[in-house]
Amino acid sequence: MNMKTELKYLTYALIASAAITACKRDEVDPITPPPPTNEEELITTLRLHFHSVGGAEHKHMVFTDLDGSGGNAPVIHGDTLSADSAYHVHVEVLDESGSPAEDITQEIVEESDVHQFFYQVSGANATVAYDDADANGHPIGLETVWTVGAASNGTVVVTLRQQPDKTASGVSSGDITNAGGETDIEVSFPLVIE
Amino acid sequence: MQAQDGTCALVLSGRVIDDHDKEVLPFAELYLPELGRGAQADSAGHFTIAGLCPGTYRLRAVHIGCEPVERMVKLEASMEVRIRLEHHALELHEAEIVRSRPDEHVGQAHEQLDKEAMERGSGRTLGEMIAVIPGVTTLNSGPTISKPMIHGLTGNRVLVLNQGVRQEDQQWGSEHAPNLDPFSSDRITVVKGAASVQYGSDAVGGVVITEPVELPRSGPLGGEVRALGTMNGWGIGGNALLQGGVKGVTGMGWRVQGSTRSMGDGHAADYNLSNTGMRENGASASIGYRDHRWNASVYGSWYARDLGILRAAHIGNLTDLQQAIASGTPWYIGAYTREIAAPSQAVQHVLAKADAGYAVSERGRLTFTYAYQDDQRQEYDLRRGGRSAIPALDLHLVTHTGEATFKHWIGRHVHGKAGVSGLHQENINVPGTGIRPLIPNYRKESAGAFIIEHFNLTERLEVEAGARVEATHLDVAKYDGSNVLIRPEHQFLNQALSAGVNWSVSDSTHVRFNLSSAFRPPHVSELYSEGLHHGAAAIEVGDPTLGSEQAYKAVLEVGSALLGGRAHASLTAHAAHIANFIQLRPSGVELTIRGAFPVFNYVATDALISGLDASFDLRLLGPVTWRLRASTVHGRDRVKDEWLFQMPSDRMENTLVYAPRTTGKWKRLEIAPTSVLVLQQQRIPVGVDLASPPPTYHLLGLSASASRPLGNGDLRIGLRGSNLLNAAYRDYLDRFRYYADARGLDIALWITYWFGSPN
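Protein chains in written order, with the numbering used here: chain A, 1 to 194; chain B, 1001 to 1759.
Hint data in this document are derived by calculation from the structure and do not stem from the laboratory. This structure is a prediction, so every number in the text was calculated from the model and none was measured. Incorrect hints may appear among the rest.
Said to hold, decoys possible - Derived lysine-lysine pairs resembling DSS-like cross-links, with alpha carbons at most 30 Å apart:
(1) A/8 to B/1074
(2) B/1444 to A/8
(3) B/1074 to B/1444
To be verified - Here are some chain A residues pointing at chain B (derived, C-beta under 10 Å):
(4) 30
(5) 50
(6) 53
(7) 57
(8) 73
(9) 74
(10) 111
(11) 115
(12) 121
(13) 143
(14) 145
(15) 147
(16) 154
(17) 161
(18) 162
Unchecked claim - Here's a subset of chain A near chain B, in silico, CB distances under 7 Å, partners left out:
(19) 36
(20) 56
(21) 62
Beta carbons: idealized from backbone N, C-alpha and C, even for Gly.
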């Protein structure tokens, strides 16, 4: 066939194809997402509250990353512990990205059998012992007792594992090596003992 | 099969003729599937198959780019057939055996898996099925997720066509395998080359084409039923297909098909791969009509798959990853179960397609195609507070595609096709996940026009040239860091060119050369990713200023029959330059509440990817044939002057096929032990990966099959054993190689009953 007829058919094809891909524009564009709700699962704040045993000392170690990953860098505050003393330590986990702040600690308590905190001290003279237990008698780590020795400087890494194997060797005494599970929190605090 | 005595010395020969203009169709392929015998027509359309026993056979005629057609041939004496009509006692009226369509793959290196080859891959994913082709590998995420990789390129750079329609199923994700049932097709073609002129954007590495044999046009019911079981994971499944003509309406036919498969945890050499179960279901139906003048068909398919993600691969942060790498065994190994728990994926894909064609004249045919795709993907994570049942990622992707093409013949030597195509797509994050979306909502519209012309210069030489131009508009809707709604828009204008030559140097040697370009506009994930990608334990950051990738690829394929037909060798050399090649590169580490995570940025570089695919077949004494397949790929980042990350390593596969002549009822007996050798990847960029590439590994396999007639059809049984020595190994292209070994010993068994006549 000649070029003219061919061109005619090609034009029909073009129009037909355009008709197929035409779309109707509504007033509310269907791809507009709804306003973001607060991201669940987000942990912005980890606070360790230290109360000296039999004393009136209060210390705090805080990690905050209010805008979640990305954006501003997290802010970490360690604290100085008194040498040769003991502390009751209580953990608070929050989502402060919205208002009011969401208490994640309660969720962890409700699912305590699948959560465990680990405390790895290095460089400083301090040992951490568990002071709580889940329904199966395994430690959770929201409450601990810290025994602090001579003056020293180091770090403590606080890790929260979800679904760890609490029965694996060493796990119930605070050894993270065989714990497994997913890491929900891993924060390294400077630890100074004076 | 190999006739030695006098009674099986019949010759089936003939000519393949274009039904439209009565011209010969050179290089058409004729195949008798039950005998495993075939021949290629020469440049004059003439073919010969000798040494045949009397009987009734299916004769399949294929011309590359056309849908193959099958007819029954009753061979009582040596005969010559003209595959068109009239000239012979064979009543081949109802249909044109060979469709007069232009060869769309002139010069493009391509290979096909026919139905028999697909059956040998029963129980495998689409990616693993085609990985038997040299140059094709897979990017895996554990034992159940495989993405096809062609010459080192995967994801958005490999186009998958489902029934001729571009499959849109979130293919950007490295743990997103194609959502389609390979058994909804009878044939899979892999084009290894930059093919944007023919197929549009994204065909940078190549194209995986699944399309069925034509619908029957008359005749009684035909079909197939298959049951299969696999040992690794204790999988069971089956497929069934039924097709037929419509009584009283010549030219009309229909087909329905369904598949199902269920599998529990896989098993590595020494331990369970916990939470790698899978459930898969699919169904399709089509009905169509064809005569000399026009054709129309409607097709619909539904596919759903649930799969578990290896529990031990779901780690938290950099510390966990380093620990997993150091430990060498998965941190979570549970007892075998068929249950799929979080983390897991659930996908559903619906495809509806309508097409119509009309022969406007003897020299022109107009076709229209419209397709609708609905893809839903939910990814479930381990979540606190009872939220594990709420998906962490919930995407809904709706795509409309349309194409109108005009195929034309000019004079005796020129034919081609010109057309326009369009796409409209919307991606929505279904609200309710409670997590900031990984990729934003967007709308994508594109329109393109293309032309491909094909010239028969001489009897032995054909050339092709083509061009395409395509415009894409991307409209994104998302909330930025301060929760303000922003609506960025992007525009891309791309073009592609191609030129190819197909030269029959002699009766036994042919050369194919192709130089083409391809383009790929950046995907929203590359432009707008932000934040932690949980599945990858990395923070990925997109770059909205990225532009389209532009690839130029040259492929040279030389194939030759040697030693008087005893051997066949084929070598494909390829080289591609990709400008603006987008990849993830580490840029540091970011501290979050969960610890440190590596940060990866999407950046553009200049890539040069080259390599070689080789195949060699040699018929040794009698019924034993040796097959060798080997490939190597070199990927280079020219800007950083280092190797590219995640390129396939050198590999070689050796098979000995023993196909003895049988005298009993069982025919086509074939036993083939295989050895696969994959070398350690030495060509790696420094400082990008957290673990060294796994060592060289070697696997032994075995496949066996036999068939016998039963009633109105054929019964086929088959077996496929992989990793027979239960070797513990890891593959560089497995994203889960940091956490666990790959699958150990596996044996798959299937039994198929094919009945009725195909047409």
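Here is how each hint holds up against the structure:
Between residue 8 of chain A and residue 1074 of chain B the CA atoms are separated by roughly 46 Å; this puts the pair beyond 30 Å, and the hint is violated. Simply put, residue 1444 of chain B and residue 8 of chain A have alpha-carbon atoms about 29 Å apart, close enough for the 30 Å limit, and the pair holds. Between the alpha carbons of residue 1074 of chain B and residue 1444 of chain B the distance comes to roughly 53 Å, so the proposed pair goes past 30 Å and is violated. The beta carbon of residue 30 of chain A is positioned within 10 Å of a beta carbon in chain B (closest approach about 7 Å), and the interface hint is therefore held.
The restraint placing residue 50 of chain A at the interface with chain B is violated, with a minimum CB-CB distance near 20 Å, outside the 10 Å limit. Below 10 Å, beta-carbon pairs count as interface contacts, and residue 53 of chain A has none with chain B, the closest being about 29 Å; its hint is therefore violated. A distance limit of 10 Å between C-beta atoms decides the matter here; for residue 57 of chain A the minimum to chain B is near 27 Å, and the interface restraint is violated. Look at residue 73 of chain A: its Cβ gets to within about 7 Å of chain B, closer than 10 Å, so that hint holds up.
The beta carbon of residue 74 of chain A comes within 6 Å of a beta carbon in chain B, closer than 10 Å, and the hint placing it at the interface holds. The beta carbon of residue 111 of chain A comes within 6 Å of a beta carbon in chain B, closer than 10 Å, and the hint placing it at the interface holds. With a least beta-carbon distance of about 8 Å to chain B, the hint placing residue 115 of chain A at the interface is held under the 10 Å criterion. Annotation: interface hint on residue 121 of chain A violated; nearest CB of chain B at approximately 16 Å, more than 10 Å.
Taking 10 Å as the C-beta contact cut-off toward chain B, the hint placing residue 143 of chain A at the interface is violated, the least distance being around 19 Å. With a cut of 10 Å, the hint placing residue 145 of chain A at the interface with chain B is violated, because the nearest CB-to-CB distance is about 24 Å. At a threshold of 10 Å, the smallest CB-CB gap from residue 147 of chain A to chain B is about 26 Å, leaving the interface hint violated. The interface hint given for residue 154 of chain A is violated, since its Cβ lies 18 Å from the closest Cβ of chain B, which is over the 10 Å cut-off.
Taking 10 Å as the C-beta cut-off, the interface hint given for residue 161 of chain A holds, the closest approach to chain B being about 8 Å. About 6 Å separates the beta-carbon of residue 162 of chain A from the nearest beta-carbon of chain B, less than 10 Å, and the hint is met. Nearest Cβ of chain B to the Cβ of residue 36 of chain A: about 5 Å, under the 7 Å cut. The hint holds. Interface restraint check for residue 56 of chain A: the shortest CB-CB distance to chain B comes to about 30 Å, outside 7 Å, so the restraint is violated.
A distance limit of 7 Å between C-beta atoms decides the matter here; for residue 62 of chain A the minimum to chain B is near 12 Å, and the interface restraint is violated.
Violated hints, listed in ascending order, are 1, 3, 5, 6, 7, 12, 13, 14, 15, 16, 20, 21; each of the other numbered hints is respected by the structure.
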